[in-house]
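Enquirer: These protein sequences, in sequence, are chains E and G.
Position 123 (the first sequence) corresponds to 122 in numbering that gives the first Met the number 0; numbering is contiguous.
Position 192 (the second sequence) corresponds to 191 in numbering that gives the first Met the number 0; numbering is contiguous.
No lab work stands behind these hints, which were simulated from the structure alone.
Since we're looking at a predicted model, the values are computed, not measured.
You can take every hint at face value.
With the C-beta cut set under 8 Å, the calculated list includes, among others, these residues of chain E facing chain G:
id : residue
1  : 2
2  : 6
3  : 7
4  : 8
5  : 11
6  : 14
7  : 15
8  : 20
9  : 21
10 : 25
11 : 87
12 : 208
Straight-line distance between alpha carbons at most 20 Å, and here's what the computed EDC-like set of lysine to aspartate or glutamate pairs gives:
id : chain 1 : residue 1 : chain 2 : residue 2
13 : G       : 35        : E       : 4
14 : G       : 27        : E       : 4
15 : G       : 158       : E       : 4
16 : G       : 176       : G       : 186
17 : G       : 158       : E       : 5
18 : G       : 158       : G       : 52
19 : G       : 65        : G       : 9
20 : G       : 27        : E       : 5
21 : G       : 27        : G       : 49
22 : G       : 35        : G       : 4
23 : G       : 27        : G       : 52
The beta carbon of each residue, even a glycine, is placed where N, CA and C say it ideally should be.
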Amino acid sequence: MNVTDDLISGLAAQAGSEPYRSVAGIRRVLAVTALAALAIVLAANWAGFGLRSDFSAMILRAPFLFKVAGAAALAAGAFLLMRRIALPAGGTPAWYFLLPGIALFLLRAGLDPIWHPRAADVVPGSCTIEISLLALPALALILRALRNAAPTRPTATGAIAGVLAGAMGVIAHAMVCRNDSGISVAVWYGLGLVIMAGLGALLGRRLLRW
Amino acid sequence: MESREDLWAEAMRAERQGNAAAYERLLKEIADLLRKLVRRRLAQYGLRPDEAEDLVQEILIGLHTKRHTWDPDRPFMPWLFAVTRYKFVDAARRMRREAGHRIDLTMEELAEMVAAPTEDLDRTSLDIERHLATLPQGQQTVVRALAIDGHSVRDTARKLTTSEGAIRVTFHRALQKLRALAAADLDKENDK
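Okay, chain G solo, but in the shape it has when bound (with noise of 0.2 Å):
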């Protein structure tokens, strides 16, 4: 019976040979074995249950990129674990960071709906519609991403292929822009 650090170290020198499927094969192991570990840690770091996956997937992105910085020779468990360690509590961190930012859009968001002039629901979703569509299609997909559907700005960055500030950018620009649509709707109103 083969020990799972052979196991590994085994598979680990197969990838190197192009060896794709043991290569798949290993991965799902350690995700599992991720799972596991992010699961029991996640409250520490103050993350949701949902992203529990999203920190397993850095994690095994972080060792597949630096793969070629286990040494052979070297058994393999070691170096996951310190890989693990590292990539756990920096994307942890960031994560974290993020889930701040987030917190603090809607924050703001709901801090205008409380002051604004208490208006039918179905009227004000039909009014931000509206509004949206006269923004630019950039920013009408970003407001979509992270506001109606409610995905992460790591994600949609990544969906959009650019970078988180650049995300981060465009909401804030769609933002102001809805902002002052909707004071112009507002103003309109009183005239009447």
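Okay, chain E solo, but in the shape it has when bound (with noise of 0.2 Å):
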């Protein structure tokens, strides 16, 4: 009773020393912390793998439309649950938030039921290798920033921060790959996000502890 009586007036003679941020200077950190990942990731895919051949072609056509819009709805998803689950209290973590993306990759999945990569010389695992590559800096970038707020489920944290960079691998592939048939993109590209989602949690549960 006495120690704890110690740490308390130890603790209140640091009052209104806030060297932390405020919850609003947090999201902001987490906003402009992904902005600046998806455009190293962008960077990194236009350095690393450049752009597909015959790009100006297909960037009206819906497979490429389908896949940027697909990734773009999950990574506003998930974000958007990000920002909630980041911290106490922070609003219930709505999982719903990641559906529309998914939705969007299995209805050209059901539009273009085909397994076979278009493109003869596509191997699509390749993708999901690729998407987890450059999606890798993405998340180390999304948990630095995570370990500023307080995320009191940190293994889902994770999870998300992996949905996240995933999604914007994702959006990086899909300048560069040539695999446009509806259910090979969303078994490989779904491997690569499940892959990163795994990856999350996996040091979520380690770094995000506080």
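Bring the two chains, given one by one in their own frames, into a single complex with the hints.
Expert: What follows is the structure, encoded as structure tokens:
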């Protein structure tokens, strides 16, 4: 009892010293970090993999648009979810935020139920690997920003950070990938997203505890 | 009559203005609440009653270090409960793991004492004191704190401002050395 009172006076002596950011500040850092991470992933894809050879012809066609729209919807949903789950009582973690993005990929798979990637020289598994590689720097940045916050569910928060980073990887990878068949994209891109979610969960469990 | 929500939210705002007295009062009131809560749940986490206060302190420290993540425009109690729930489970789990380590260490020692030839107790403790004195100062402090005074690894780490891992390593090394010294003694006696 006595020791606790000592502790409390020690803590109380630090009243008013606010070395950290406010809630609005934390959310601003998350937003700026997410935008910076997206820019870095796009730049890394540009530098490392370039653009698909038929980029200008494909840019307004369904296969490309579905990939980018689906990934953008997923990224937006994951970001909004992360804003909530990163803070104590920051709002109910609404998992349905992720549904629009998932629905777009499933819709495309339904409209174009083809397993085999159209371009003959595309190895679909490489999509999974490249998406994960592109997403790694984004995940690192986002986890670092999250350490400013106070997630009461570190594992789930890490998983969402992984989905966000993975969706960024998908947006960038769509610029180069010539795998345009609905099911193939849903499966191999989805696998990349699941890998990033798992990695994010593992890292979050360790790095986001406080 | 103001509600607890209003009073505590007010105290949290006062803290940001540097009002240490209001903040201290708030922390004491929260500590009282936590004590009740922790005592009720202690058995569920396999902790001893004397560890309740440690748990209360862990939660208070967590609340203090993350106090800036409460948004003054939102109610305080939901934030407090979310933080308490998280720190409670997190700290209780870690303390139980530590209790496991503690028991492992004493079991090890116990097994050795059972296996060792029976000696009269006074002499054994004298031997231990004598051997202890030959250890480096740092190891002596750790062995005294853990094995003789019965402090927890975490408390000792905090007191010596080092990590829990470092304490365990030091303790382990010291035990090895003590074991070697005891074995050497035994040899000498057998030679006689």
